[in-house]
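Visitor: Protein sequences, first through last, are from chains A and Z.
Heads up: the first sequence begins at 0 in numbering that gives the first Met the number 0, then just goes up one per residue.
Heads up: the second sequence begins at 0 in numbering that gives the first Met the number 0, then just goes up one per residue.
Errors might be hidden in some of the hints.
Which residues of chain A face chain Z? A few of them, derived with a C-beta cut under 10 Å, are [as the list claims (entries may be wrong)]:
{"hint": "1", "residue": "Asn88"}
{"hint": "2", "residue": "Asn92"}
{"hint": "3", "residue": "Gly139"}
{"hint": "4", "residue": "Ile218"}
{"hint": "5", "residue": "Gly221"}
The set of hints was computed from the structure by calculation and includes no laboratory data.
The beta-carbon is built from N, C-alpha and C at its ideal position, and this holds for glycine as well.
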Amino acid sequence: MGMTMTQKILAAHAGLDHVEAGQLIEADLDLVLGNDITSPVAIHEMEKMKVNGVFDKDKIALVPDHFVPNKDIKSAEHCKCVREFARKNEITNYFEVGQMGIEHALLPEQGLTVAGDVIIGADSHTCTYGALGAFSTGVGSTDMAAGMATGKAWFKVPSAIKFNLTGKPSEWVSGKDVILHIIGMIGVDGALYKSMEFVGDSIKNLSMDDRFTIANMAIEAGGKNGIFPVDELAIAYMKEHSTRTYKVYEADADAVYDEEYTIDLSTLRPTIAFPHLPENTKTIDEITEDIKIDQVVIGSCTNGRLDDLRIAAKVLQGRHVAEGMRCIVIPATQKIYLQAMEEGLLKTFIEAGAIVSTPTCGPCLGGYMGILAEGERCVSTTNRNFVGRMGHVSSEIYLASPAVAAASAVAGKIFCPCKLS
Amino acid sequence: MKAAKGTVFKYGDNVDTDVIIPARYLNSSDPAELATHCMEDIDKNFISKVKKGDIIVATKNFGCGSSREHAPIAIKAAGVSCVIAETFARIFYRNAINIGLPIVECPEAACAIEAGDEVEVNFDTGVITDVTKGTTYQGQAFPEFMQKIIAAEGLVNYINTTQSHADLG
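In isolation and in its complexed conformation, chain A is listed as follows (with noise of 0.2 Å):
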């Protein structure tokens, strides 16, 4: 019986010729990757165990990113204990504010994620790097001890669900779109315990932004990772951004898989996801009443990139955000921001009437830096819109792409950029 991607590169981890999904095994780690939130929690874990350091100071990657710049003490001190951690060890990959930004956006700009690695990370959003083919999934922080520790994680390994992509997006249409269309269409456990492999000819139509976004959302459909088969695009990514020497695994033409669905790209149309579930989407010509908004967030693993902040700058061009709306940008990191400072981008952003912050996760969380108040909405391109995620727990979060949040933003209610004047 043939392998998945996922499972060739979780064998050849292992050690192993040949797995098959169910199977239990132990594998060798390329990265254990933490924020300011899970890794206090694992250093304590860690220090609990009977070792000597960490197993690799060069494959550990330490990020505070969720409550920073800190938010108040408490969240100080994480950050201190974290610090002072990576300082003992010798970590090599820890980022201060300064060098830091949103941990999936920044560890692929630093070239630590390539292709063929496989990777966990004390967040759930660690799937992301299967847009570059490489295995990686979340786990929470006595994993990630274990895996500082000792260089190994042990893993079920999952069975498939094949997402074959068939022609272009519309003008409007991004990978946000695509990942929102598919949860919406399997549900929030439609992949539980499962890889999302994605192929087909229109994995050609979306850039590496987009890819980045759709692996970044696996998890919202329940998946252990999302990934895409490794392509020239992909590989210019690696080249420009990391020195390191990836692998590139391919599916077995006679791979097994649950489940498969082809969708036509060309088809599909900006997509929201309406409180609370990520699954409960509606295509914006499905939205026939008013839903006014408060505020509009576009940043966070999932939409922070340049391509978003570009999409969003063309549709806030010329244009100003609704009277008491409040549009916060966050670009993910520090060479994003600088890009889109750049770019102009930053400008037509506070010419518009919204604001521009340094990267942090904040808001996604309800952490900082744009809580909800009772009862109010908000168009966000980040990427959960459970009960009380941003703030009260009757606040609302409506999921969308940057396109359509700060389209959003400009109308003061949920808009297709499509349709501004």
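Given chain A, work out where chain Z should sit, using these hints.
Guide: For chain Z alone, coordinates are given in the frame of chain A:
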């Protein structure tokens, strides 16, 4: 492993880690402090009612969303002895095992058991008994190596005793 026995708190599908422990409290990693906010955004009365040994029962995809280990930590520190669900989100599943919070997948039990029922769980056999209703269900027993991790009260102790987690049973 010692059996769990307690009164049931019942919830529905897709109980996410944001409602189990909202991110506004994640500036702490102290289990006792996290426990005081456990389930706050889905059930305000949970923490005032829960007693040591009580059991959470939910339907599909329990623990979905964020990877925060603070979620099973808060549940365990609140005194809960076991979570039974139709299915668990995979990161929550790993985290619960890794910190030594027993969890059992059993669709029949998850659907039939009601709030307030007295329930007993035998982890060696996977048998769930609803003492109130006088019914039993066969839950999925853990693979041997997961039982070892839970019995060791978590992955850290397990690694300390084996020096590796290569022993996959």
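Visitor: For each hint, tell me whether it holds in the structure or not.
Guide: Hints versus structure:
{"no.": "1", "hint": "Asn88", "verdict": "violated (17 Å)"}
{"no.": "2", "hint": "Asn92", "verdict": "violated (19 Å)"}
{"no.": "3", "hint": "Gly139", "verdict": "holds (4 Å)"}
{"no.": "4", "hint": "Ile218", "verdict": "holds (8 Å)"}
{"no.": "5", "hint": "Gly221", "verdict": "holds (6 Å)"}
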